[in-house]
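The chain contents come next:
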Amino acid sequence: MKTRSAPDLPVPPAPVTPPPRAAGLLRLGRTVAVPVDTRAVLVSVALLVLLAVAAVATLTLGRLGIPLRDLPSALFGEPRGMDKLILDRLRGPRLVTGIGAGAAFGVAGALFQSVTRNPLGSPDVIGLSGGAGAGAATVALLAPGFPVSVGALVGAVVAMAVVYLATGTGFGDPGRLVVAGIGVSALTAALTQYVVYAVERDQATVLSSYLNGSLATRDWTDASTIWGLLLVAVPLTLLISRSLTISEMGDELTTALGTDPRRTRTAAVVLSTALAAGAVTVAGPIAFISLTAPQIARRLAPAPGPRIALSALTGATLLVLADLAAQHLPLTDDLPVGIYTMALGGVYLGYLLVREWKKGTL
Amino acid sequence: MTTTVRASARGAAPPRAGALRLTLALVGAALLLLCAAAASVMFGSMSTSPGEVLSVLSGDAEPYLTTVVESRYPRTLLGVLAGVCLAVSGTLMQGVTRNPLADPGLLGVNTGAAAGVVTASAFLGASGSASAMWWALPGALLAGVLVHVIGFSGASSSAVRLVLAGAVLTAVLTAYIQAVTLSRPKIFDNYRYWVVGALGGRDFDVLWSVLPFAVAGLLVALLIAPALNALALGDESATSLGANPAVTRALGWGSATVLAAAATAAAGPIAFVGLAVPHVVRGLIGTDHRGQIALSVLVGPVLLLTADVIGRVLLRPQELMVGVVTAFVGAPALLFTLRRMKHSL
Numbered sequence: 001m002k003t004r005s006a007p008d009l010p011v012p013p014a015p016v017t018p019p020p021r022a023a024g025l026l027r028l029g030r031t032v033a034v035p036v037d038t039r040a041v042l043v044s045v046a047l048l049v050l051l052a053v054a055a056v057a058t059l060t061l062g063r064l065g066i067p068l069r070d071l072p073s074a075l076f077g078e079p080r081g082m083d084k085l086i087l088d089r090l091r092g093p094r095l096v097t098g099i100g101a102g103a104a105f106g107v108a109g110a111l112f113q114s115v116t117r118n119p120l121g122s123p124d125v126i127g128l129s130g131g132a133g134a135g136a137a138t139v140a141l142l143a144p145g146f147p148v149s150v151g152a153l154v155g156a157v158v159a160m161a162v163v164y165l166a167t168g169t170g171f172g173d174p175g176r177l178v179v180a181g182i183g184v185s186a187l188t189a190a191l192t193q194y195v196v197y198a199v200e201r202d203q204a205t206v207l208s209s210y211l212n213g214s215l216a217t218r219d220w221t222d223a224s225t226i227w228g229l230l231l232v233a234v235p236l237t238l239l240i241s242r243s244l245t246i247s248e249m250g251d252e253l254t255t256a257l258g259t260d261p262r263r264t265r266t267a268a269v270v271l272s273t274a275l276a277a278g279a280v281t282v283a284g285p286i287a288f289i290s291l292t293a294p295q296i297a298r299r300l301a302p303a304p305g306p307r308i309a310l311s312a313l314t315g316a317t318l319l320v321l322a323d324l325a326a327q328h329l330p331l332t333d334d335l336p337v338g339i340y341t342m343a344l345g346g347v348y349l350g351y352l353l354v355r356e357w358k359k360g361t362l
Numbered sequence: 001m002t003t004t005v006r007a008s009a010r011g012a013a014p015p016r017a018g019a020l021r022l023t024l025a026l027v028g029a030a031l032l033l034l035c036a037a038a039a040s041v042m043f044g045s046m047s048t049s050p051g052e053v054l055s056v057l058s059g060d061a062e063p064y065l066t067t068v069v070e071s072r073y074p075r076t077l078l079g080v081l082a083g084v085c086l087a088v089s090g091t092l093m094q095g096v097t098r099n100p101l102a103d104p105g106l107l108g109v110n111t112g113a114a115a116g117v118v119t120a121s122a123f124l125g126a127s128g129s130a131s132a133m134w135w136a137l138p139g140a141l142l143a144g145v146l147v148h149v150i151g152f153s154g155a156s157s158s159a160v161r162l163v164l165a166g167a168v169l170t171a172v173l174t175a176y177i178q179a180v181t182l183s184r185p186k187i188f189d190n191y192r193y194w195v196v197g198a199l200g201g202r203d204f205d206v207l208w209s210v211l212p213f214a215v216a217g218l219l220v221a222l223l224i225a226p227a228l229n230a231l232a233l234g235d236e237s238a239t240s241l242g243a244n245p246a247v248t249r250a251l252g253w254g255s256a257t258v259l260a261a262a263a264t265a266a267a268g269p270i271a272f273v274g275l276a277v278p279h280v281v282r283g284l285i286g287t288d289h290r291g292q293i294a295l296s297v298l299v300g301p302v303l304l305l306t307a308d309v310i311g312r313v314l315l316r317p318q319e320l321m322v323g324v325v326t327a328f329v330g331a332p333a334l335l336f337t338l339r340r341m342k343h344s345l
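Chains as they are written, first to last, in this note's numbering: chain A, 1 to 362; chain B, 1 to 345.
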């Protein structure tokens, strides 16, 4: 006779990760001592170097690239002729927009994953990107000539609101969040595909390219849009990041420590939505950067709380590398970068799921 | 005495009152299906009256009217076929996985079929919708196996897992499909209509090429229905009742995949029909899988034909493809159910 399994006991909460091992203190005189996570600093420097290499490669590689020896003079001096065209019109804005959008996606993902306490709580999985795409498509169909980016923004916000309402429990329950996100994604995908069918063929190709997320043909307006948003949002994000770290430990403890967990979470969701929507606005719904960047950042330098700066750097590096691949891989001509990130990110998400399941945490 | 024993050996036998209920539900659904089919023949960019349709059927209508009405026959039959396939596929998937969120669309099987079709037309020069089935099938099978492997690896299991595995698969396959279609403008042009899920603009060829697969899938579904009932009681009870859980699951999942491939080859990837029908059917007649599958055969086409007719009349003279309509009805329904669910997923 088999013993019956024990009745459902309350699951003990996951052990709280210890606070960051501040590996060193940065001392300024005798009064100021800033804790410094040496590993995080080292990782950041490495990422910056990688990003710089990718950026130089973006500007120099290929038939239309600026020759490497001419790059310093083109960047810091007075670029002329072809170099000026490449720097000002073709690759320059593309690169700057890519760095900004990647950083914005990364920070948005870090915030969302921190709020939902769930590695899957990223804007892609919960329907924000789908909403942005549907918004852009709707604008393209109903008001041709009107900037599609505004439609993307509205669509992203509406999708988030619908997901929030549909879960019934806010963003708290990962399972509900994911199912609601999939529902919203299905809805927005149907709408988007209908629009792609309904518009003219040439317009449909352009729209379809944008809807996959593309950095081709960006201009300085796009670049300044996303960098303006980053300048406003990232400092605010850093301000709440401490409260977010505390609120990851659970609502009761947070309240006991004197922080209002609901207010922190609301602020984080608003900032995250703004950043993700902004990135979608300039670059289209590029898939999975916001899911993977914070994950990679956490692995590179483990610590509790959202790793804002590291996630931003990782996101920017990932996107610039993916865009480099999109420009130079000999598969086909200049496919939208979102196709590459979708394929790679999908595989990564699969790996993540299987791993979480093996641990039994989902 | 003997009858009860034999019935329970085949699985959970429905009580006597259930039989009456099933009969009533079947008759009601059959009537609804007749109405839906009639509406599908009557309405379109040009609407006709019942009398006019009857006159076409009896063969003494004017030629123009005859052409209009007869052009709607393939579409209606295709709707019936795709509806049957999607509904039974969903019922099987939910029965095999005991997962109320299983649906060939959400689990990525339809996208797998779509990827197969796109591959064939892009790289192998396949053209014409009649051959689509031969490419949809391997795509769907591959996707079905993959989602099963991802979804059932590891220790624990939950309703969300399979759906997430489906979402992953859908993402990767969609990237592939987009890459192929965007770099080949001609295929993109054909694909963007088909991918929404539509019944219009097809001919009888598609129907004939898909029919054998649909029938085969349906037969397997009916054959394993008693074993599915046993499976619902848990693996151990199923084994003691003489069912082989592993074989039942493999057959159920396999025929669900074939049916999903048939529907996709015929009408493009359509989501939510396979999700909704089993819920409706369970609400009507309860948990007996034999009854569920029989009733799904009728309810699926009712749902799909109704959605198609709505799509035709809503934006007249343009039309909304049936996949858009099902998504716009199905997704809010899913969200609403989610909101009302009490327990955690």
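One or more of the hints may lead you astray.
Here are some chain B residues pointing at chain A (derived, C-beta under 10 Å) [claimed, not checked]: (1) MET46; (2) PRO50; (3) GLY51; (4) GLY59; (5) LEU173; (6) THR174; (7) ASP189; (8) ARG192; (9) PHE204; (10) ARG339.
Simulated coverage check for chain A against chain B, where a stretch passes if three residues somewhere in it have a Cβ under 8 Å from a Cβ of chain B [to be verified]: (11) 204-216; (12) 314-328.
It should be emphasised that the hints constitute simulated quantities derived from the structure, not laboratory data. The structure displayed is predicted, hence computed values, not measured ones. Just so it is clear, CB atoms sit at the ideal spot from N, CA and C, and this is done for glycine as well.
These are the hints, each one checked on the structure:
The restraint placing B/MET46 at the interface with chain A is violated, with a minimum CB-CB distance near 21 Å, outside the 10 Å limit. The interface hint given for B/PRO50 is violated, since its Cβ lies 31 Å from the closest Cβ of chain A, which is over the 10 Å cut-off. Nearest Cβ of chain A to the Cβ of B/GLY51: about 34 Å, over the 10 Å cut. The hint is violated. Because the smallest distance between the Cβ of B/GLY59 and any Cβ of chain A comes to about 37 Å, over 10 Å, the interface hint for this residue is violated.
Annotation: interface hint on B/LEU173 holds; nearest CB of chain A at approximately 8 Å, less than 10 Å. Residue-level restraint check for B/THR174 holds (minimum Cβ-Cβ distance to chain A is 7 Å; threshold 10 Å). For the restraint placing B/ASP189 at the interface with chain A, the shortest Cβ-Cβ distance is roughly 6 Å, inside the 10 Å limit, so the hint holds. Among the interface hints, the one on B/ARG192 holds; its C-beta lies about 5 Å from the nearest C-beta in chain A, closer than the 10 Å criterion.
Here the hint on B/PHE204 is broken, as its CB sits about 24 Å from the closest CB of chain A, past 10 Å. Below 10 Å, beta-carbon pairs count as interface contacts, and B/ARG339 has one with chain A at about 4 Å; its hint therefore holds. Residue count for the stretch 204-216 of chain A with a Cβ under 8 Å from a Cβ of chain B: 5. That meets the three needed, and the coverage hint holds. Counting residues of the stretch 314-328 of chain A whose CB lies closer than 8 Å to any CB of chain B gives 0, which falls below the minimum of 3, so the coverage claim is violated.
Going down the numbered hints, you'll see the structure goes against 1, 2, 3, 4, 9 and 12, while the others check out.
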